[in-house]
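Trainee: Here is what each chain is made of, one letter per residue.
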Amino acid sequence: MGIAVDLATRVKDIVGREAYLDSPADTLSYGFNSYPLYTQPAAVILFQSRAQVEQVLPLLYARDVPMVIRGSGTNVSGNALAPPGGVVLSLERMTKILEVDPISRYARVEAGANVRSIQDLAGQHGLFFPPNPGNMDAVTVGGIIGCNSSGDLALGYGGTRDFVLGMDVVTGDGQVLKLGSKVRKDVTGYDMVRLLVGSEGTLGVVVEATLRLIEPPGSDASVIATFDDGLRGAEVALEILSRRLGPVALEYMDERTTRTVEDTFQLGLPPGSRSTLIARFHGPPGAADAAAERCRSVFLEHRALWAEARSGDAAQKLWRARHLAYPALARICPTLFGEDIVVPLRHFPAAVRRMHELGKAAEVDIAVFAHAGDGHLHPLLLTDDADPEQRARGDRFVEEVILYALSVGGTITGEHGLGVHKTRYVGHQYGDAERDAMRRIKLALDPKGLFNPMIFPVTGHEPKNPRRRGVEIL
Amino acid sequence: MTQGHVASSPGAEPDRAALVLDHSSGLIQLRTDPAFRNGVMRCVRCSICVPHCPSYAVFRNEADSPRGRVQLMRAAMEGRIAPDATLELHLDKCLGCRACEDACPSGVPYGQLLEQARHALLPTRHAHWRKRVVQVFLQQVLAKPRTLMLISRLLAVIQWLRLDRLARWLVRPVSRTMARRLDLLPRVAGAPFDPQEVPVPAQPTAAFHAGCIMASALGDVQRSALRVLQQNGHATLVPPEQGCCGALHQHAGLIDDARALARDTVAAFEATDVPICTTSSGCSLAMKEYGRLLADEPAWASRAAAFSARIRDLSEMAGTAGPIRHTKVAVQSACHHWNVQRLRGTAVDVLRNNGVDAVALPRGAGCCGAAGLWSAQHPEAAWGLLQPLLDAIEHSGCDVAAISNPGCLFHIRAGLRTRGSKVRALHLAEVLDTSAPSDDDDDDH
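Chains as they are written, first to last, in my numbering: chain V, 1 to 474; chain B, 1 to 445.
If you're looking for bench data, these hints aren't it; they were derived computationally from the structure.
Where is the CB? At the ideal position from N, CA and C, for every residue including glycine.
Some hints could be false.
With the Cβ distance kept under 8 Å, some of the chain B side facing chain V (calculated, not the full set) [as the list claims (entries may be wrong)]:
1) Arg45
2) Cys46
3) Pro298
Calculated pairs, DSBU-like style, for lysine-lysine (alpha carbon to alpha carbon, straight line, at most 30 Å) [as the list claims (entries may be wrong)]:
4) V:Lys182 <-> V:Lys442
5) V:Lys442 <-> V:Lys178
6) B:Lys288 <-> V:Lys317
7) V:Lys96 <-> B:Lys288
8) B:Lys288 <-> B:Lys93
9) B:Lys93 <-> V:Lys12
10) V:Lys360 <-> V:Lys96
11) V:Lys12 <-> V:Lys185
12) V:Lys182 <-> V:Lys96
Just chain V, same shape as in the assembly (with noise of 0.2 Å):
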């Protein structure tokens, strides 16, 4: 099933037929994500200019058609996942990056554009975006704003919210809002921009966005070291942010993740380790250097088991190892999943405990990883979901998960998004005012509820979110 013969005409004409795709091997190719769920669109649009979003947009949108707008596909929420009879809006396309201004210090790109190859910009005019989400060589700046998705820079940098000065939104009538501007300070009306970065897609089509570029670090050096116990890793990190070091990024592995790093990607960890914290900083040019070196005093007085300052290719290769921490852990099992709540920081070492005792008492595998510095956490279901029961467990997890976070003030996502993994468990965080508020918002700029119509349902016609149980006929 397609969408109409004659609209589909009408897009063809418009983006050309390569571009427009309703076989069934081309639309399943992007009906998935990295989240373990599948469904089929109806057709996928490869748009090549905003243009083409302007011209085809109010046709989609005049014919009732629900869209899902996708970049490169990398997130695990399932954020960008098509409704049925529902087309993918792809932008992966779009890759153009329209202006850099040094003086100014911002970056105008197209939607589609990859997050590395801005940082590689910046870096040529002498600047710094720090963004830097797990996978920055796919992803795109439109998945980043979607899900305000930032990386383990966020503790030293703020996310990617704080990053973006303006934006241009395609909505359904084809309008374009031209929101924010080039500057910093900017407090013209609503802050719309802030609204759209997290928004997934469910407001409009952001075609366009204008970046904040900043001045470079003059030196980086990272620590590591890991500890002969699961929890001392979690601990030590409060004690590095209460010493006041400054570390612009600090990330927590535990025992099962730090193990199947090394064995992936031999860092050289010493036998026994059972956790490990990794701290980075940044500073004026040798202030990097000597803060890491303090920090690993810091780390030595807590009884690590091993502690090393690494910079240049070193340092490199040891967050590389850690940014690839999730897929690596798909050695152990068929399906991963991945959860990302955060507290406040007082319960971080709390928190992790609580994640073990949670999956044993759920009788289910997981690993758990944190962006220490920020409590932010993202422990891994370990699972197999062709065993219904352990399916069912690790449902059965989640939900815990979710509840304990809340419990001590959390919240039930920290980058990755709602997704159609976690709309359902959206009543937990917010009452009936406050989504009743956000429902009145997304109908102003959404009126017919078809932008990403399975992650934010306003109309009440909208499919039924997906359970992660067997197959659905949606």
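With the hints as your guide, set chain B onto chain V.
Mentor: For chain B alone, coordinates are given in the frame of chain V:
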């Protein structure tokens, strides 16, 4: 074929009623093969591989990325999709460079999965004639040294008479693609190399794999390689019974043929246990993986593993043998050296050790676009992938580019020739050979 909209938890038993299945499809049979099943299940769709994929770079479609292809294989295996012509086309567009496998943190054995999937899809009627032509070429030409020699000589005559240029001139107004294909046609260089022309040494210290295309179309390169080995003090044995290693058969999914050729090759080299030198990165990767290819054959598994452990690239066996005629050389890294084998920089090192100013060429999209028979099947895309490399070669300030794989060498030569470039593409063996009679005949300028 039409499908319902299906949201399924991967790995779960699909709802049969909602799906149109082709139970005769080999891909659905592969669900019972633990190696294949575990291989595809390892992919968590993280997309780390996608930016490393040259076919994604050129087609910019998820289905032409490694992640997309693995998911297509999996969907067909699980019966969520019928293996139709579009699916086959996407699997077919893979160059087989295996950069994805190298990048994959989850350890998805992509190369093996692709071979198994292509094997399973051989009997389908999609792209029947294309598959048939490839099959006939691989089985009746490449695997038969005499036929290959004959065709190679015929091609040499055609090229000497410039009939290929005439054909291109005639075809150009009718089909750009066909004209591009003729542009990229391998050019025979020198008389074919016959293993029997090398005397058998009493105490061999190295063995030499002559190959099929290397021996028939690049005979002079093989003679150069043998001289390089000699200049480095090796007494080289060239077993006369050897033939094609079966790499291209394996890539095309002709696994039974690949195994037969692998067994023949292993047997041909068992007279000694000295290192085996190769001049083709594609062959050396295939031969290094004979252990895996023949793992299920008890009589051959250990023999194949022992053989694989002996394989060396020429750059690993060449030392500092004397003054090299070229002062500045651009060095290309072939995919099959860079990926999986991880032979990175050995050619640059050996040239630098010989006093050459060696410039490592950037890897660009990761592949020059030759990829065995790929450039003949997708000439325009192959041409597109080649351009950034040609730019880099021309901007390197070198008058010679050193290449370590026959497919890349033909492809890059064709590109430079079509551009009218002054830079000459030579095989690394020809660059290292200090006593080559003259390299005027080595390429086709």
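Trainee: Hint by hint, say whether it matches the structure.
Mentor: Hint by hint, here is what the structure shows:
With 8 Å as the threshold, the beta carbon of B:Arg45 comes within range of chain V, its nearest partner Cβ sitting at about 5 Å, so the hint holds. Given hint, B:Cys46 at the interface with chain V, holds; its Cβ is 4 Å from that chain's nearest Cβ, closer than 8 Å. Here the hint on B:Pro298 is broken, as its CB sits about 28 Å from the closest CB of chain V, past 8 Å. A distance of roughly 26 Å separates the Cα atoms of V:Lys182 and V:Lys442; the hinted pair therefore holds under the 30 Å criterion.
Our distance criterion of 30 Å between C-alpha atoms is met by V:Lys442 and V:Lys178, whose separation comes to about 18 Å. Taking the CA atoms of B:Lys288 and V:Lys317, the gap is about 27 Å. The hint holds against a cut of 30 Å. With a C-alpha separation of about 41 Å, the suggested pair V:Lys96 and B:Lys288 falls outside the 30 Å cut-off, and the hint is violated. At most 30 Å may separate the alpha-carbon atoms for a hinted pair to count; B:Lys288 and B:Lys93 meet this at roughly 25 Å.
Distance restraint check for B:Lys93 and V:Lys12: the Cα-Cα separation of roughly 23 Å lies within the 30 Å cut-off, and the hinted pair is therefore satisfied. Between the alpha carbons of V:Lys360 and V:Lys96 the distance comes to roughly 48 Å, so the proposed pair goes past 30 Å and is violated. At most 30 Å may separate the alpha-carbon atoms for a hinted pair to count; V:Lys12 and V:Lys185 exceed this at roughly 42 Å. With a C-alpha separation of about 18 Å, the suggested pairing of V:Lys182 with V:Lys96 holds against the 30 Å cut-off.
When the structure is compared with the earlier hints, violations turn up for hints 3, 7, 10 and 11 and for no others.
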